[in-house]
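*Asks:* Residue numbers (our numbering), protein chains in the order written: chain R, 12 to 126; chain W, 47 to 156.
Treat each hint with caution, since some may be false.
As the list claims (entries may be wrong) - Below, a list of computed lysine-lysine pairs in the DSSO-like style, where the Cα atoms sit at most 27 angstroms apart:
hint, chain 1, residue 1, chain 2, residue 2
1, W, 148, W, 61
2, W, 68, W, 148
3, W, 55, W, 68
4, R, 22, W, 148
5, R, 89, W, 148
6, W, 103, W, 55
Unchecked claim - Beta-carbon label-pair distances, calculated as ranges:
hint, chain 1, residue 1, chain 2, residue 2, range
7, W, 88, R, 89, 20 to 30 angstroms
8, W, 85, R, 28, 31 to 41 angstroms
9, R, 51, W, 91, 14 to 24 angstroms
Read the hints as simulated data drawn from the structure, not as lab findings. Backbone N, C-alpha and C fix where the C-beta goes; we use that ideal spot for every residue, glycine too.
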Amino acid sequence: GAGVSQTPSNKVTEKGKYVELRCDPISGHTALYWYRQSLGQGPEFLIYFQGTGAADDSGLPNDRFFAVRPEGSVSTLKIQRTERGDSAVYLCASSPDSGTAYGYTFGSGTRLTVV
Amino acid sequence: AQRVTQPEKLLSVFKGAPVELKCNYSYSGSPELFWYVQYSRQRLQLLLRHISRESIKGFTADLNKGETSFHLKKPFAQEEDSAMYYCALWGGGSNYKLTFGKGTLLTVNP
Numbered sequence: 012g013a014g015v016s017q018t019p020s021n022k023v024t025e026k027g028k029y030v031e032l033r034c035d036p037i038s039g040h041t042a043l044y045w046y047r048q049s050l051g052q053g054p055e056f057l058i059y060f061q062g063t064g065a066a067d068d069s070g071l072p073n074d075r076f077f078a079v080r081p082e083g084s085v086s087t088l089k090i091q092r093t094e095r096g097d098s099a100v101y102l103c104a105s106s107p108d109s110g111t112a113y114g115y116t117f118g119s120g121t122r123l124t125v126v
Numbered sequence: 047a048q049r050v051t052q053p054e055k056l057l058s059v060f061k062g063a064p065v066e067l068k069c070n071y072s073y074s075g076s077p078e079l080f081w082y083v084q085y086s087r088q089r090l091q092l093l094l095r096h097i098s099r100e101s102i103k104g105f106t107a108d109l110n111k112g113e114t115s116f117h118l119k120k121p122f123a124q125e126e127d128s129a130m131y132y133c134a135l136w137g138g139g140s141n142y143k144l145t146f147g148k149g150t151l152l153t154v155n156p
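Chain R on its own, in the form it takes in the complex (with noise of 0.2 angstroms):
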């Protein structure tokens, strides 16, 4: 596709629940990255793909949050047991070569909202 595809736009769950968040990057993006955007706040760096593989996960706020790129393409964002807290927009980035931060593309985010 021409940008980062980020789905569903705005996701409301319940408190407990399982979610899951989709990226489709740019394709021949080999770098994908998930930020986290709190109200008020500047996005925080979730986790960072190499092609398939997790090269840093450091992000994560604790084992609830996981995600995964199988293919080295399309990435989910799984959260489990989905807490008030984790309200926020989920940012998706993709970027062709993961030697510099220059060339990351941001999809339009998804809206999630734990009630």
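Fit chain W to the given chain R structure using the hints.
*Replies:* Only chain W this time, still in chain R's reference frame:
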């Protein structure tokens, strides 16, 4: 640890006035600094980065290593500049993540 500080949450100016959005950073190495912009209902996009030393949409930013600052400037603000602006830092090496400031909402009034 790396940190980016944008001291102003809100900044309001009149059209044609100069604007400066402040950004300070802390990082022990030689970072790469960026400004990102998010217009209303649009996705986050790169405005400029310090390495290229370019002017985009009339905006410039100079990296001042002595003051650890990377302020964004424009001599004559336009109404279409109204947006959320984020300063971001990349530490280089094997650290590929961007560290963002909290952002400054710029409003340019007619």
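*Asks:* Give a verdict on every hint.
*Replies:* Evaluated hints:
1. W:148 - W:61: Holds: residue 148 of chain W and residue 61 of chain W sit about 24 angstroms apart, inside 27 angstroms.
2. W:68 - W:148: holds, 12 angstroms
3. W:55 - W:68: Holds, at roughly 10 angstroms.
4. R:22 - W:148: holds, 24 angstroms
5. R:89 - W:148: holds, 25 angstroms
6. W:103 - W:55: holds, 22 angstroms
7. W:88 - R:89: 20 to 30 angstroms: The hinted range 20 to 30 angstroms holds for residue 88 of chain W and residue 89 of chain R, with Cβ atoms some 27 angstroms apart.
8. W:85 - R:28: 31 to 41 angstroms: Roughly 33 angstroms apart at Cβ, these two residues keep to the hinted range, so it holds.
9. R:51 - W:91: 14 to 24 angstroms: holds, 20 angstroms
This entry satisfies every hint, going by the numbered hints stated previously.
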